[in-house]
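S.K.: Chains F, W and P supply the protein sequences, listed in that same order. Numbering-wise, the first sequence is residues 1 to 343 according to this note's numbering. Numbering-wise, the second sequence is residues 1001 to 1343 according to this note's numbering. Numbering-wise, the third sequence is residues 2001 to 2343 according to this note's numbering.
These are computed hints drawn from the structure, not numbers from a lab. Ideal Cβ placement from N, Cα and C applies to all residues, glycine included. Do not take every clue at face value.
[What the hints assert, rightly or not] The list that follows gives simulated cross-link-like pairs (lysine-lysine, DSS-like), each with its CA atoms no further than 30 Å apart:
no.	chain 1	residue 1	chain 2	residue 2
1	F	Lys226	F	Lys277
2	W	Lys1146	W	Lys1110
3	W	Lys1277	P	Lys2033
4	P	Lys2326	F	Lys312
5	P	Lys2333	W	Lys1340
6	W	Lys1340	F	Lys193
7	P	Lys2052	P	Lys2026
8	F	Lys188	W	Lys1340
9	F	Lys146	F	Lys7
10	P	Lys2188	P	Lys2226
11	P	Lys2096	P	Lys2063
12	W	Lys1004	F	Lys193
13	P	Lys2226	W	Lys1146
14	F	Lys26	F	Lys52
15	F	Lys188	W	Lys1110
16	F	Lys46	F	Lys312
[Unchecked claim] Simulated coverage check for chain F against chain P, where a stretch passes if three residues somewhere in it have a Cβ under 8 Å from a Cβ of chain P:
no.	region
17	14-25
18	54-67
19	153-160
20	196-203
21	248-258
22	321-335
[Said to hold, decoys possible] Listing some non-contacts, in silico: residues in chain F with all C-beta distances to chain W over 12 Å:
no.	residue
23	Gln2
24	Lys226
25	Val265
26	Thr311
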Amino acid sequence: MQGKSLKELAEHVGGEVRGDGQMVIKAVSTLDKAGAGEITFLSNKKYESLLKTTKASAVIVAKPAETDAALLIAEDPYYALMQIVVLLHGHRKHKKVGVSERSSVAKTAKFGANCNVYDFAVISENARIGKNCCIYPGAFIGPDVKMGDDCIVYANAVIYNGCEIGSRVIIHANAVIGEDGYGFATHKGKHYKIPQIGRVVLEDDVEIGACCTIERATLGNTIIGKGTKVGDMVAIGHGANIGPHCLLVPQVGISGSATLGHHCVLAGQVGVVGHIKIGNMVTIGAQSGVGHDIPDGATVLGTPAIEANKTKRVYASIQHLPEMRKSIRELEKRLADLEKAGE
Amino acid sequence: MQGKSLKELAEHVGGEVRGDGQMVIKAVSTLDKAGAGEITFLSNKKYESLLKTTKASAVIVAKPAETDAALLIAEDPYYALMQIVVLLHGHRKHKKVGVSERSSVAKTAKFGANCNVYDFAVISENARIGKNCCIYPGAFIGPDVKMGDDCIVYANAVIYNGCEIGSRVIIHANAVIGEDGYGFATHKGKHYKIPQIGRVVLEDDVEIGACCTIERATLGNTIIGKGTKVGDMVAIGHGANIGPHCLLVPQVGISGSATLGHHCVLAGQVGVVGHIKIGNMVTIGAQSGVGHDIPDGATVLGTPAIEANKTKRVYASIQHLPEMRKSIRELEKRLADLEKAGE
Amino acid sequence: MQGKSLKELAEHVGGEVRGDGQMVIKAVSTLDKAGAGEITFLSNKKYESLLKTTKASAVIVAKPAETDAALLIAEDPYYALMQIVVLLHGHRKHKKVGVSERSSVAKTAKFGANCNVYDFAVISENARIGKNCCIYPGAFIGPDVKMGDDCIVYANAVIYNGCEIGSRVIIHANAVIGEDGYGFATHKGKHYKIPQIGRVVLEDDVEIGACCTIERATLGNTIIGKGTKVGDMVAIGHGANIGPHCLLVPQVGISGSATLGHHCVLAGQVGVVGHIKIGNMVTIGAQSGVGHDIPDGATVLGTPAIEANKTKRVYASIQHLPEMRKSIRELEKRLADLEKAGE
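Only chain F is shown next, with the shape it has when bound in the complex (with noise of 0.2 Å):
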């Protein structure tokens, strides 16, 4: 790794530097971990206290701060250090291997160019997957599955038959698109399966976290827009659309039917029934249960969720329930002996 140094970093970011430019910045590192050569960042105040102590050469900061290491001095510090680490370590790298003649590829699937299909790979039947793309080990691109250029698809991840994937997705190891919907029709006491004849239809530049489960239609589309990134282990029911650029965090789970606008934010845990709407940029605070549409620009939290701050009332006063109780009980008895005083 030859590094840059910390004036080129700060061109390449729009920053600016505050002591000496010439160092030479190797690696990116934690403000506890860091040492000579290397580069931090703050952009959690919580951690401020540790620009004092830091061993690193330099930090990023959105404003000068007291510390021995030189500054590099950017809008918005998380995003430089996104830059920053894009260029002095990249993204990861994926062996060149061509297709594996110890994959099982059918015979009517295509690609583009330059894709590399990993041992025990398997892609099926009239599978058509553009080029540049990554199919790791085990991962498994069912019939007629359609992917465009710039993917990556981790080891053992599943993509059912029929599925369309955008350019420049990226699915996390174990990951499963396209299984069968919930969806089943009770008719005396039996559960009859209904097929689920629709999709699983993933934009441009989606994420998909490790061990997600995204259900196919049962008529028509389940829908990741395009940039939403989904973390690991979030479950998305039949017919979901999710519009582009929402995050979902770990071990969300939205049910069939429901929508969301773009640039919705839904944090660890949240649960959304089916068939409601959620509109534009929703911000949904951990382990919520949101059981109505929700307008847009909204931040919600609690089960059932309400506006944030209104829960955060609650939740600060609910630990006084039971004296309360008891209060109530108390002013009944003495409003009860003043009533009969003033008889």
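Starting from the structure of chain F, add chains W and P where the hints point.
M.R.: Chains W and P only, in chain F's frame:
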């Protein structure tokens, strides 16, 4: 796809035609996407207004409705939908490959007729597989597993040693059946693994969603009863006994040794603690936390889960908690004033 | 199976026999299923009544009890059970296959003695695997992974590049170790992937459940401490640091950069937000949502998680919330009447 006349469809489901029974229906689609030659359905009132705008040729409904489409009136539109999707589209077809040379089948494993074992699937020693089963790529069938007829094990699903699978069982991709139960004996600060010598039994007609984890019992069996349908990402603890014909929706968690009766419905993200007994025909609302026995026929909701209507009233009140606290304080003050005045 | 005399078992666990110490015990079973020649145990009071009806030849108990079976009295029956199951049944046996020709092992990978690498397992470039390890079918060991001795990686589990695994670590099927942390820098409405250049460290004697997802750190390490046991479907965020000898029960979620001390117990479906510090020996009740630091030794419950006994009282009161609201309104009315009367 050849299609059927609307009259034929109505006869198939025991329904009644309003409109042109001779029209040919080739496919099933949604109210908003369906076009000419397609049938759709209304079973959720929420979508009733779409009847006026649908371009479908016909709609399955429970009772006469205002729409330009022809009507197929059926007692249970969702059940009729299932029958028609099966008739017009059918269930997923599986490529006939027999036992692939690129699979790994132990010499001591035995199969019934007409099984498909795809590339890179593994069938271990002494496994017994019935007829007409499909074992998808990367699926792992452990030693001594017994499986009935007409089962489908999708890609990369894993069945540990000794588990017993009934007939017509469907196991979706990346599900795990029979991993070790979470059983440790803690002694002087260390956790010692208790060998989990029990197993998992999936009875006939069970469906297991993608990325489910069904722990084997410490001793005895973890059982999923006949006809029970388990959604994606459901975790079932060791020794749990789930009755027949239950519906466990995605992300449900059932702790060890809990028992459920027949025809229970558990909505998304429900958690059930260990060693409790949930009766027959119990319905548990989304995200509920169930910590004690539940009697037959109950509908419960919330954490802790109580009678659902009670919880709904709690949900409606809870946002008023902070103002209630304030009201109590004011009442106390006013009452003290009155008491003082009366002295 | 040859069996042991009850006396031998008692000596093995440091316990005491009441009854015929010469009887031969061949297997361990449950109170309700055990028969002649089998031993069972009582550690959960809930099942005490089964002592009267059990057909077991012997029962492990903490103190004398009424039953027809012989007794093995042990200080910690559950720990004694573990010792006896190990003695009579042992841990899972793994078929000796050496390195299968149908696995995929990079030329630059290195192994210690006596490893089993099964069909379709993948060991990537520069991986270093200790001795006596079992790598099950379809498991993927990424480039530069280091693994100690006596590890078991079950079918289709995935370990991304560069992670470090201690000795005697067990990773269950379809678990994922070291997938990219959920780290995106949002800039002008787009989410840019931050290369996750850290890794995951699983220390000695860790067990990871099926379908777990343990994110690699952005920078530095995500750490699971020595002897910690992680249940199925647990999601751990990037940079989290879980102390030694913790128990994380299924479906727990720990957000990025959270730290846990030693000997913490997190029950099912608990969620922990990022960047907080949970002390040593903390117990967190099922479904709790932990949003702030927790001191050593605390037992917390609820969302937000507070002292467990407080939450239990809240849980007992919460169903009365609607009637409390009604009572307050009535009190206000009655008080206003009194106030008016007193004017």
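S.K.: State for each hint whether it applies.
M.R.: Verification of the supplied hints:
This hinted pair checks out: Lys226 of chain F and Lys277 of chain F have alpha carbons roughly 18 Å apart, not beyond 30 Å. The suggested pairing of Lys1146 of chain W with Lys1110 of chain W holds, with an alpha-carbon distance near 10 Å, which does not exceed 30 Å. A hinted pair counts as satisfied when its Cα atoms are at most 30 Å apart, and Lys1277 of chain W with Lys2033 of chain P qualifies at roughly 18 Å. Note on Lys2326 of chain P and Lys312 of chain F: the hinted pairing holds, with a Cα-Cα distance of about 23 Å set against a maximum of 30 Å.
Using a Cα cut-off of 30 Å, the hinted pair Lys2333 of chain P and Lys1340 of chain W holds, with the two alpha carbons roughly 19 Å apart. At roughly 71 Å between alpha-carbon atoms, Lys1340 of chain W and Lys193 of chain F are farther apart than 30 Å, so this suggested pair is violated. The straight-line distance between the Cα atoms of Lys2052 of chain P and Lys2026 of chain P is roughly 22 Å, inside the 30 Å bound, and the hint therefore holds. Taking the CA atoms of Lys188 of chain F and Lys1340 of chain W, the gap is near 68 Å; set against the 30 Å cutoff, the hint is violated.
Between Lys146 of chain F and Lys7 of chain F the alpha-carbon distance is near 44 Å, which puts this suggested pair outside the 30 Å criterion. Of the supplied pair hints, the one linking Lys2188 of chain P and Lys2226 of chain P is violated, its CA atoms being roughly 42 Å apart against a limit of 30 Å. Distance hint between Lys2096 of chain P and Lys2063 of chain P is unfulfilled; the C-alpha atoms sit about 43 Å from each other, more than 30 Å. A hinted pair counts as satisfied when its Cα atoms are at most 30 Å apart, and Lys1004 of chain W with Lys193 of chain F qualifies at roughly 21 Å.
Taken as a hint, the Lys2226 of chain P and Lys1146 of chain W pair is broken in the structure, with Cα atoms around 37 Å apart against an allowance of 30 Å. Using a Cα cut-off of 30 Å, the hinted pair Lys26 of chain F and Lys52 of chain F holds, with the two alpha carbons roughly 22 Å apart. The hinted pair formed by Lys188 of chain F and Lys1110 of chain W fails the criterion: a straight-line CA distance of about 36 Å is larger than 30 Å. This hinted pair checks out: Lys46 of chain F and Lys312 of chain F have alpha carbons roughly 21 Å apart, not beyond 30 Å.
Against chain P, the region 14-25 of chain F contributes 0 residues with a C-beta closer than 8 Å to a partner C-beta. That does not satisfy the three-residue criterion, and the hint is violated. With 0 residues bearing a CB less than 8 Å from a CB of chain P, the region 54-67 of chain F misses the requirement of three and the coverage assertion fails. Check result for the region 153-160 of chain F against chain P: holds, 3 residues qualifying (beta carbon to beta carbon below 8 Å, three or more required). Three residues within the 8 Å Cβ limit are the bar, and the region 196-203 of chain F against chain P gives 0, so the coverage statement is violated.
Only when three residues or more bring their CB closer than 8 Å to a CB of chain P does the claim for the region 248-258 of chain F stand; here the count is 3, and the claim holds. Only residues whose beta carbon comes within less than 8 Å of a beta carbon in chain P count, and the region 321-335 of chain F has 8; three or more means the coverage holds. Against the 12 Å criterion, Gln2 of chain F stays outside the reach of chain W, whose nearest CB is about 41 Å from its own CB. Non-interface status of Lys226 of chain F relative to chain W is upheld: no Cβ of that chain comes within 12 Å, the nearest being about 20 Å off.
The Cβ of Val265 of chain F lies farther than 12 Å from every Cβ of chain W, with a closest approach of about 19 Å, so its non-interface assignment holds. Not every C-beta of chain W lies more than 12 Å from that of Thr311 of chain F, the closest at about 8 Å, which undercuts listing it as non-interface.
Figure legend: structure checked against the earlier numbered hints; hints not met, in rising order: 6, 8, 9, 10, 11, 13, 15, 17, 18, 20, 26.
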